[in-house]
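There are 2 protein chains.
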Amino acid sequence: MFKGIIDTTLRDGQQSPLLFDSFKYSFSLEDKIKLTSGLLDLGVPNIEFFSPIVSEHERRDFVKLRKKIKAKNPNTKLLAHCRCNLKDIEEAVKVGFDGLNLYLNGTSQAHVHIYNQSLVTLKTEITSIIKTVREKYANLYLRFSIEDAFRTKEQDMYTILDTISGYINTIGIPDTVGVATPNAVRELISKLKLRYPHVDLECHFHNDRGLAMINTVTAVEAGISYVDASIWGLAERSGIASLTGVLFNLSEIDKALVKGYNLNLCYPLNVLMGSILKLQVPYNEPVSITNRTHIAGVHHKAILNSPKIYEAHQLQQFGVTKNQLLLGPLTGWNLIYYYLREFEYYDISQDQAKVITREFKQLSKKLSKKVRPEKLLIQIADKFKLPKIHLDREYIDYRIENLT
Amino acid sequence: MFKGIIDTTLRDGQQSPLLFDSFKYSFSLEDKIKLTSGLLDLGVPNIEFFSPIVSEHERRDFVKLRKKIKAKNPNTKLLAHCRCNLKDIEEAVKVGFDGLNLYLNGTSQAHVHIYNQSLVTLKTEITSIIKTVREKYANLYLRFSIEDAFRTKEQDMYTILDTISGYINTIGIPDTVGVATPNAVRELISKLKLRYPHVDLECHFHNDRGLAMINTVTAVEAGISYVDASIWGLAERSGIASLTGVLFNLSEIDKALVKGYNLNLCYPLNVLMGSILKLQVPYNEPVSITNRTHIAGVHHKAILNSPKIYEAHQLQQFGVTKNQLLLGPLTGWNLIYYYLREFEYYDISQDQAKVITREFKQLSKKLSKKVRPEKLLIQIADKFKLPKIHLDREYIDYRIENLT
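Chains as they are written, first to last, in our numbering: chain A, 14 to 417; chain B, 14 to 417.
With the rest of the complex left out, here is chain A (with noise of 0.2 Å):
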């Protein structure tokens, strides 16, 4: 049974490359407290972290932080991205982590490039670990990874995780390079459901193959107990699924798996971190105002008889309460006419708006970055001349919030 998400964008979202192009390279503090202030209120139950051995930086961050969250919703679980080894897993429990995210690649490969450890040696070493620190810490969450876990042999996975299920909450089976199908997700979700019955699942899948956000509501539909997200869908190489469109796609499957969260916060959220990284939200994510906007001649005549004709989602319950519906060469006389009368108050007729519109599509064609379509708009239609219509500035403002 769904359980909720794992937001991992102080991790993995630190890792994504577009902090790179964008001149960033990682979230300042107080952009944190931003993007935590902004999870919280949108009802993230779990948030993970980098583990403090990784900077100095990293665990300063972590400290003040974490009074922030605590005075602001003491239920919020936070989670440390944790090395399987004593030394890391005390400096992260020392700082006030709530739980524990520990991993360890499982394909041969990475036995032999990264640990030069054969899995028997391994297995012992995590098992003493585990051990030791759920003796230590009886209440501390954790979770355990089998990190590639879709390129991981079957067998290789039950010999490590056999040992360790006992003392874990949590099995995590992150896709580490987004080799997963959703066939594939299916299938071994419902092995480890039936090998261990009693332990939570998790998952992280990364966005290689554009496939993330199928595989990780895929996951959820199997029956997994969580699923990490981030804002933006920011991580490592090209990504995992983003948290506002996990949040929108649950909630298409089934309002009950989103009970909880404040979904009219969701664009917000992308919002804030559009003004953090000085960008606008990626055309491509589901919870944006592009997913409101509208080009097409057609659709424009469309949509202003009848929204539904085009937009089938219910964007407003996630914060996106404006559509646009943009001028430019595609532009049909349809909205030529309305935005001339709605927006603009012109007193014209339909055949001044046809040859109008004659004219904008020719010209908006070569408009540079200085002239806006709307004020090209005006000039050919002042030319015309027509008189303005009178209205009270409270019904243009009505009309106008009704439309944008």
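Hints were generated in silico from the structure; no laboratory data involved.
Hints are supplied without guarantee of correctness; some may be wrong.
As the list claims (entries may be wrong) - Below, in silico cross-link-like pairs of lysine to any residue (SDA-like), each with a Cα-Cα straight-line distance of 20 Å or less:
1) LYS401(B) <-> VAL368(B)
2) LYS383(A) <-> SER41(B)
3) LYS379(B) <-> SER41(A)
Could you slot chain B onto chain A? The hints should help.
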């Protein structure tokens, strides 16, 4: 059986809000020449354009493009996305299209709000038009699409298709508003294949929920003939499946599906779009250098030992011939050591690298746009007055080519 991709970058792609966000509004003729040339080099067999009635510009551009495309590859099928009325159809035929992508919105709300006609009236009109066109142009390729197919009542779809299926080459089932799921895709395709066994099927999945890619791949697995895609997935709202992402996924399923495509030109095509829009290739595009970029310290160590540990897919074959290990606050000493020795030729010990790493991690948190992380690292390293290793230029170039 899968017959090929239909690229719609110059039709639905020009309806992407990203063209407005980048102050581009539409592609120039020069852009279009570059893009179609890239599509032909890649081996894309079908290209969709606007109906010439959209604007004088689009018509003129098409006439020029057609000449260039046919000179390069006379077999490329050029298709007009065309309303189903005789006037528009004649205009498209006149400018030399090889085929028409006709469409009608199938939902009852559209019949009321767009066409203001009953389904039966619409059916009679469409059937008459299609028969007329087929009689007049025996060899013209004709697709007829039920727009918003996944919200259209099954019986309404049959009402239209039953009377025209004998006159058309292909039935289109676009998911115009992005509501489809893989199960719905499998179900609809299997029903239509059974009912219209001699007609090809074509799909076009919008990405409103982030499921465009899996729906497209699922359609191919379910035996569809044609799938729509565009460069970067650009299209109305949050777009459709990305062309190169589709090729990547299909090649993972079965190499035979992508026979005839010059896959190594995938990445250059994505870069071409970036140069036109003056934007980086999106971080969530499957065929991108982003998907070969590693930030996390633990990943760096593994990649230096054996790239396959964190690079499951052979992106070289798609033209991504380099990878990137980026220096930043998360960099471990392994990469610092490797970078200073292999790129900058310092004679450095591992212990020295560890000390330098500590300082670099601290200072790199505060990097501004003006200082690149590489420069900062050299500044720190130079304080140690390390000697340089002498290497022949040829050897240096070889090593750099191997890593970057």
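Results of checking the hints against the structure:
no.: 1; hint: LYS401(B) <-> VAL368(B); result: holds (18 Å)
no.: 2; hint: LYS383(A) <-> SER41(B); result: holds (17 Å)
no.: 3; hint: LYS379(B) <-> SER41(A); result: holds (9 Å)
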